[in-house]
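Number of protein chains: 6
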Amino acid sequence: MERTFVKDIRENDQVDGVFWVKEKSMPVSRTGAPYLRLRLADRTGEIEARVWDGAEAFADLFTRDDFIRIKAQATSYQDKIQLNIKSIKKAAEADVRLEDFLASSTRDPDEMLAELIAIGQGIENPFLKQLIMAFLENEEFTVRFKRAPGAKRLHHSFLGGLLEHTLSVVQLIEKLKGYYEGINHDLLLAGGVLHDVAKVYELSYERSFDYTDAGRLIGHIVMGVEMVDKEIAQIEGFPTELAMLMKHLLLSHHGQYEWGSPTRPMTLEAQMLHHLDDLDAKVNGIKEFMNKVEQGTRWTDYHRMFERFFYVGEGEEG
Amino acid sequence: MERTFVKDIRENDQVDGVFWVKEKSMPVSRTGAPYLRLRLADRTGEIEARVWDGAEAFADLFTRDDFIRIKAQATSYQDKIQLNIKSIKKAAEADVRLEDFLASSTRDPDEMLAELIAIGQGIENPFLKQLIMAFLENEEFTVRFKRAPGAKRLHHSFLGGLLEHTLSVVQLIEKLKGYYEGINHDLLLAGGVLHDVAKVYELSYERSFDYTDAGRLIGHIVMGVEMVDKEIAQIEGFPTELAMLMKHLLLSHHGQYEWGSPTRPMTLEAQMLHHLDDLDAKVNGIKEFMNKVEQGTRWTDYHRMFERFFYVGEGEEG
Amino acid sequence: MERTFVKDIRENDQVDGVFWVKEKSMPVSRTGAPYLRLRLADRTGEIEARVWDGAEAFADLFTRDDFIRIKAQATSYQDKIQLNIKSIKKAAEADVRLEDFLASSTRDPDEMLAELIAIGQGIENPFLKQLIMAFLENEEFTVRFKRAPGAKRLHHSFLGGLLEHTLSVVQLIEKLKGYYEGINHDLLLAGGVLHDVAKVYELSYERSFDYTDAGRLIGHIVMGVEMVDKEIAQIEGFPTELAMLMKHLLLSHHGQYEWGSPTRPMTLEAQMLHHLDDLDAKVNGIKEFMNKVEQGTRWTDYHRMFERFFYVGEGEEG
Amino acid sequence: MERTFVKDIRENDQVDGVFWVKEKSMPVSRTGAPYLRLRLADRTGEIEARVWDGAEAFADLFTRDDFIRIKAQATSYQDKIQLNIKSIKKAAEADVRLEDFLASSTRDPDEMLAELIAIGQGIENPFLKQLIMAFLENEEFTVRFKRAPGAKRLHHSFLGGLLEHTLSVVQLIEKLKGYYEGINHDLLLAGGVLHDVAKVYELSYERSFDYTDAGRLIGHIVMGVEMVDKEIAQIEGFPTELAMLMKHLLLSHHGQYEWGSPTRPMTLEAQMLHHLDDLDAKVNGIKEFMNKVEQGTRWTDYHRMFERFFYVGEGEEG
Amino acid sequence: MERTFVKDIRENDQVDGVFWVKEKSMPVSRTGAPYLRLRLADRTGEIEARVWDGAEAFADLFTRDDFIRIKAQATSYQDKIQLNIKSIKKAAEADVRLEDFLASSTRDPDEMLAELIAIGQGIENPFLKQLIMAFLENEEFTVRFKRAPGAKRLHHSFLGGLLEHTLSVVQLIEKLKGYYEGINHDLLLAGGVLHDVAKVYELSYERSFDYTDAGRLIGHIVMGVEMVDKEIAQIEGFPTELAMLMKHLLLSHHGQYEWGSPTRPMTLEAQMLHHLDDLDAKVNGIKEFMNKVEQGTRWTDYHRMFERFFYVGEGEEG
Amino acid sequence: MERTFVKDIRENDQVDGVFWVKEKSMPVSRTGAPYLRLRLADRTGEIEARVWDGAEAFADLFTRDDFIRIKAQATSYQDKIQLNIKSIKKAAEADVRLEDFLASSTRDPDEMLAELIAIGQGIENPFLKQLIMAFLENEEFTVRFKRAPGAKRLHHSFLGGLLEHTLSVVQLIEKLKGYYEGINHDLLLAGGVLHDVAKVYELSYERSFDYTDAGRLIGHIVMGVEMVDKEIAQIEGFPTELAMLMKHLLLSHHGQYEWGSPTRPMTLEAQMLHHLDDLDAKVNGIKEFMNKVEQGTRWTDYHRMFERFFYVGEGEEG
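Chains as they are written, first to last, in the numbering used here: chain A, 11 to 328; chain B, 11 to 328; chain C, 11 to 328; chain D, 11 to 328; chain E, 11 to 328; chain F, 11 to 328.
Simulated from the structure, these hints should not be mistaken for lab results.
Some hints could be false.
Copies of the same chain are indistinguishable here, so a pair counts whether it falls within one copy or spans any two.
Result set (DSSO-like, lysine-lysine): computed pairs, CA atoms no more than 30 Å apart in a straight line [unchecked claim]:
(1) K302 - K187
(2) K34 - K96
(3) K81 - K302
(4) K297 - K34
(5) K302 - K32
(6) K32 - K96
(7) K185 - K292
(8) K240 - K34
(9) K32 - K90
(10) K156 - K17
(11) K99 - K32
(12) K17 - K187
(13) K302 - K162
(14) K99 - K81
(15) K297 - K139
(16) K302 - K240
(17) K292 - K96
(18) K162 - K100
(19) K139 - K240
(20) K81 - K17
Produce the complete structure using the sequences and hints provided.
Structure representation (structure tokens):
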């Protein structure tokens with residue numbers, strides 16, 4: 011059966027489908043009876059829903075953040091569509107298609123991963139190659155890596171975004187191979203592959219994009235160093251200085267203290283990585299923001315993080 | 011005759027050569043007689059010099075910032091070498107080799123200009139191509155362009171540095187051609203060629219690198235817009251929007267108000283240009299700074315603008 | 011016929027008049043039929059409006075930002091007044107009185123312009139006098155100059171505000187004539203006249219106050235330099251240094267990089283202009299903000315740009 | 011007898027005069043004997059001095075910061091003039107002319123004070139007039155007020171500078187009387203008179219310009235409030251709100267927290283006072299800085315507080 | 011009679027009780043008749059109320075910020091409960107229990123004050139002891155001191171909060187007595203007692219927590235110095251330096267200009283006081299913020315002043 | 011034999027002792043011959059030294075940063091004492107007493123460590139106790155821990171300073187045990203012990219205090235997390251959440267991004283640790299700075315990091 015998306019629900023429709031419970035509460039009605047108030051969502055929007063009969067029994071079946079399967083009728087209340095729910099059950103995991111709830115990369119994750127591995131194969135330094143392959147060929151890791159978003163909100167905030175961004179940074183590094191003298195290309199490339207590696211654990215992306223506990227308390231920069239430490243310990247003879255320089259790349263890639271890096275870039279590779287990561291994140295962040303503009307509008311809204319409007323023009327150039 | 015450079019002058023040497031007058035004053039000696047106190051310089055260093063006899067007559071022959079030809083004897087005074095000048099005359103222009111006084115690019119300016127023109131030829135938009143050629147094929151401009159430094163101090167601060175940096179930014183743009191969708195490559199490329207064009211007038215580089223009056227009071231960003239305005243006015247039918255976007259590239263290329271840009275980048279091209287300019291300036295600035303380190307030192311001094319030390323290591327990687 | 015202003019519309023009123031279309035959309039009603047949803051405005055407020063019958067035909071007659079003449083009935087919906095529109099036609103230009111839609115200066119623009127010209131006549135330096143008169147006696151310019159606001163929001167944000175502010179800065183300069191030694195009064199005065207001259211093109215003020223494309227991408231500071239450049243090119247023998255100092259006044263009048271000036275004031279005149287412009291803008295901005303306070307309130311709301319409340323007191327002193 | 015100023019001392023001169031002891035120490039010579047090392051100063055400069063014989067006895071006669079009368083011979087040591095002191099005695103107070111040691115205003119203090127009082131007489135509000143006269147007619151206060159500098163270094167840093175600056179701010183206020191509606195002119199004027207009043211105690215100016223203990227620990231802004239509190243307590247019926255507004259003027263006149271004001275200006279008078287104080291301080295600070303430039307130099311040195319160079323040009327305009 | 015709190019009002023309830031008038035206006039209804047629109051509040055929430063009959067007569071009986079006794083019926087309007095008021099009279103002062111309207115400390119104020127006095131008795135320096143007792147034993151002061159909140163919003167924002175915070179800072183000082191050498195414990199302790207003393211006048215706390223006029227225009231830091239000045243003037247022989255150091259403690263206790271301190275801490279005692287005040291305010295501010303979290307939530311909302319989320323976890327540790 | 015300290019060397023003294031080579035170069039003399047120029051140092055100061063004969067042979071025996079044993083004669087050159095070296099050999103490790111070269115804590119390291127362990131024994135949580143004991147009972151670690159300074163310059167910059175500071179923070183935590191409800195005391199205490207643990211590797215302190223490579227490229231905050239990670243991995247069953255909270259304490263203890271913490275404190279324990287660490291570092295930093303003041307001086311010099319002077323007064327209170 012075809013899914014009915016939130017944005018397509020009309021007055022009087024009968025709805026039978028799976029939704030994500032974004033908010034759940036049990037207020038007392040004006041007459042003193044408790045009822046169940048939900049905010050349900052999928053990828054296309056959010057909708058209010060109410061259970062008037064049997065509220066307490068249904069309420070025990072699920073918690074906020076669960077996926078539920080409902081039968082309901084769409085009614086109109088104060089000029090807005092609302093769902094009047096008849097029955098609820100918790101959705102079976104097999105019934106939930108994550109893509110119905112979160113935006114996804116337009117590219118195939120397996121293909122992107124294959125490209126990344128192919129570039130990684132070009133690394134000559136055996137320690138660095140072994141290090142990145144310990145990640146890229148570890149299925150437990152790649153399952154998450156193919157799914158994680160690049161950021162909660164600012165850029166690549168869709169399923170597969172982390173991989174898409176990582177691949178892009180690595181491709182930029184490849185394009186500049188040999189351009190500046192004195193760069194250790196292997197090191198820079200490995201840094202490109204691993205710079206955001208801990209975002210697979212920093213962000214949660216089962217229902218919506220948010221931070222995990224460790225994501226907030228430790229942060230992906232330090233979590234990345236821990237992950238790299240663990241793998242390096244498995245590689246016999248990994249040179250101490252190389253390990254230090256590798257970790258420096260991760261630690262300094264945000265470029266400044268104010269942006270959460272505990273050290274500033276102190277090597278050419280670290281400086282390069284910072285610039286290329288920043289370039290890719292910013293350009294994509296702006297493009298995603300521009301894409302939200304309605305047809306015919308020449309300027310985006312004001313972007314609060316970037317502190318400016320962006321010019322879309324007639325759509326020819328941007 | 012071989013030039014005697016400042017760094018090679020030894021006690022008792024007879025010196026006969028051309029020097030730049032960095033400082034000039036006429037103090038009264040302890041006994042009440044005026045004498046001429048000079049600080050002379052060439053590319054390799056600076057040296058104190060004195061005229062005890064006939065000071066006033068010699069003093070009238072030149073001013074600070076002139077090049078003078080002197081005959082002198084090197085003496086030792088308080089553990090430092092000093093020149094005791096016997097005669098002075100103002101140097102004929104033909105006698106002054108600018109390369110003796112200022113560091114120069116290691117690359118041939120004519121060759122770099124040719125490369126830049128070749129890339130510029132690839133621009134398809136006829137207005138933009140005509141605009142950049144109005145600069146690159148104007149000999150009055152290119153004479154200065156081939157000589158100007160990229161900055162007073164921070165990066166590419168040598169004769170030919172502006173051209174070297176411009177070419178490098180343009181090459182980076184070429185390398186990323188087609189990488190991001192939605193970029194107007196012609197516009198970005200023309201922006202790369204012209205972004206620092208007014209540095210030929212912002213900086214003075216006849217003796218040392220410093221700002222001109224207009225360089226300080228107007229600044230290269232706005233001077234560049236004025237130069238572009240003037241050329242655009244000569245090109246029939248140059249589209250208004252294109253002119254505006256072109257100038258926006260120049261105005262926003264420093265990326266932030268605090269760095270002297272009166273507008274922030276509001277188009278994808280402007281954002282790209284800012285990143286690539288910044289990347290090239292920073293990487294070269296760091297490399298020039300690293301090169302000043304003595305053999306065997308593992309760290310540079312503290313860099314006050316960048317607010318950090320840089321790691322040179324064993325010299326293998328950086 | 012007397013205009014019915016938005017703030018005076020009552021339930022059941024029949025409305026026949028010209029309004030500005032602030033928002034326009036064509037949603038689908040709960041039953042699936044498209045209808046026309048408008049937000050109409052004049053100087054006194056905004057009001058929701060709906061077209062239920064013939065929505066699609068009417069929708070083709072105008073776009074957002076147009077002025078339209080409507081016939082409608084006022085109804086009450088959820089405790090708010092809404093217009094139920096029967097017919098729409100695009101308003102003829104002659105039917106639109108801009109003063110009905112935008113706040114205006116309380117002073118007569120022609121009178122203010124005459125005062126400004128009279129002061130300008132007192133400039134002794136022939137080049138500077140010729141320069142400012144090239145603006146003040148150019149009707150194409152003055153038509154806009156008499157109408158433009160001083161800023162989008164912060165101060166003098168009403169029709170004629172730019173002229174009112176310019177005149178005020180110039181009067182302050184006149185009041186301080188001769189007060190500080192070493193000031194070139196002619197230069198400062200000309201700078202006062204021209205400092206915000208490009209706001210006639212930076213802002214749009216046909217319907218509401220907003221930025222133009224060039225206003226955002228280039229900004230009034232640099233646009234002003236371009237306008238001055240163009241006029242100076244027409245004046246034979248205009249001294250180079252004077253032109254440079256004149257442009258420096260425009261470029262530095264915001265006083266700091268963070269406030270959008272690409273150079274800081276480096277001459278006494280530039281420093282003076284910055285202070286007097288700032289004084290006039292701030293004092294008027296605060297007064298306009300204080301005037302919004304209801305009778306009997308002793309403090310204004312929190313002003314986010316100024317980061318403070320203002321004390322109005324009993325109304326005796328402020 | 012004519013004073014010999016430091017700048018005029020030549021080798022072999024016999025010096026007999028009063029100097030200020032800027033530094034005093036008693037090191038051990040290379041051979042192990044203690045000697046007295048002094049740094050002496052007057053308004054024209056500083057000079058090293060030594061006592062080789064009887065150092066210990068002389069050392070007991072005075073401390074650092076005293077004025078001493080010496081007899082000495084000028085000798086040359088390592089290309090610098092040094093005083094070889096034969097005898098020292100502490101200078102009698104009558105022998106010390108403060109003007110020999112500190113720069114002074116070019117205007118007559120009594121005359122400036124008279125002008126200030128004359129303007130103050132124009133205040134109509136009896137409480138405010140009484141308040142300022144409590145200062146201006148109190149001789150204990152005016153003795154200091156006529157002598158105090160305007161600031162340690164940044165502007166009006168000469169004897170009489172505080173009065174000169176205060177008068178200037180008050181004159182600016184007078185010039186703008188009635189210019190903006192809604193300003194309580196009496197309040198603003200009184201604020202102008204008193205805004206820096208505590209600088210008479212914040213700074214010490216007996217020998218050089220520095221801060222007093224209270225100047226650092228309390229600061230002139232709060233000390234001023236304390237002084238005003240004390241006088242207001244003597245004036246029967248002084249209105250509470252007026253006192254509060256008066257003190258607000260003092261507290262907020264630096265305009266921002268970062269500049270040491272514990273509150274931001276929240277009334278029109280406070281905003282005006284801040285701007286006019288800032289204008290007068292900055293313009294004079296720049297002029298004093300420009301005056302240090304040698305004849306023929308077109309730019310000042312870099313000003314660290316203002317973060318820029320200033321353009322002096324040919325001396326015609328600045 | 012038991013009070014009916016706002017949060018407990020249900021549809022159709024008859025309400026008879028005292029409420030605080032948070033907002034009051036007299037709009038014209040859709041049909042043109044004026045009616046009275048109120049927003050009433052107590053400690054548990056706010057509620058809309060309307061008077062349709064006799065609006066004008068009732069309106070004259072009270073103003074915004076008054077307490078009123080009403081008789082009304084609860085109705086439901088657009089899914090919200092609203093009061094339909096039948097009669098209003100101004101509440102007698104005796105009828106108003108402040109605790110019904112503002113949150114209160116969980117500790118008994120008299121007990122806290124007694125503890126504070128007991129600690130204060132331990133001060134050995136007779137001047138300092140006399141100074142603090144002039145406050146703590148002055149009933150006019152302590153009546154307010156026992157009631158005032160610690161801050162408008164950020165920490166200890168409840169009745170009695172100022173006393174609770176003051177006692178806590180003083181207890182911290184006691185705990186560290188003798189820990190660091192070179193601290194004048196008596197001075198630090200007296201500083202702890204008096205550091206926020208003027209908050210009794212800076213904030214108003216009769217109905218809600220807000221700033222008084224003087225609180226905004228002068229601020230508690232300077233008001234505190236004025237209060238201390240006044241008491242010191244009553245104490246014969248109070249040493250000048252001690253008074254200065256005491257006031258320095260008050261002035262610098264915010265630690266930085268940006269946080270409203272006109273001087274930075276320049277003594278060890280001032281530095282200590284700043285840290286301990288900050289510690290107590292921050293820890294309590296965070297705890298109060300954590301307490302607002304619903305059961306089962308592992309993170310607080312984003313705290314805008316602290317710029318972060320706080321981790322509550324399973325409730326075991328925080 | 012008694013050591014001759016640098017500060018005691020007099021003209022003509024014969025010196026035979028061990029010194030640290032702070033600088034070493036081989037310039038060419040005025041006559042063209044190479045000589046050896048050294049800057050030697052011990053804890054009391056620095057002194058210039060020269061080798062004129064056999065310079066090249068001696069130069070091969072040691073490098074900068076070595077300890078050397080010299081025989082030399084003290085001569086006077088330009089009013090300064092200089093060493094004329096006759097012979098050099100590299101010092102045997104046994105000949106070098108580190109205390110002669112670096113300042114040391116006044117407390118006995120073993121005693122301090124014993125105190126720290128005693129407090130640590132009081133931790134009830136078995137995992138946390140095991141964790142800190144893994145450090146405090148590991149001799150390889152404690153050898154360094156007893157010697158490391160607390161910081162390069164700002165506070166506790168002496169041998170044993172790290173231990174002294176750590177113990178002090180832990181004692182502060184003990185003093186506040188139970189003071190605030192809801193604090194996990196065990197966690198906070200363990201955080202106090204480990205917060206700066208990686209400073210044993212961040213700083214080098216064999217000759218002077220400086221950063222190690224890893225100290226700069228990784229930093230003690232992240233190095234500390236790595237050290238803790240490694241020990242936790244050895245402890246069976248260490249709870250995941252506890253490990254995360256422990257590491258959060260280390261990461262956030264600088265309190266702000268700008269001070270190098272990659273996360274801000276998000277738990278009460280983290281907030282407490284930040285305050286107590288800051289308090290101890292600041293108070294000690296100020297005391298160390300005050301101690302440098304000469305007898306009789308009432309103010310310290312300007313402290314550039316703290317941006318203020320400190321008041322020492324008559325020495326009674328500070």
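Hints not upheld, ascending by number: 3, 8, 12, 16 and 17
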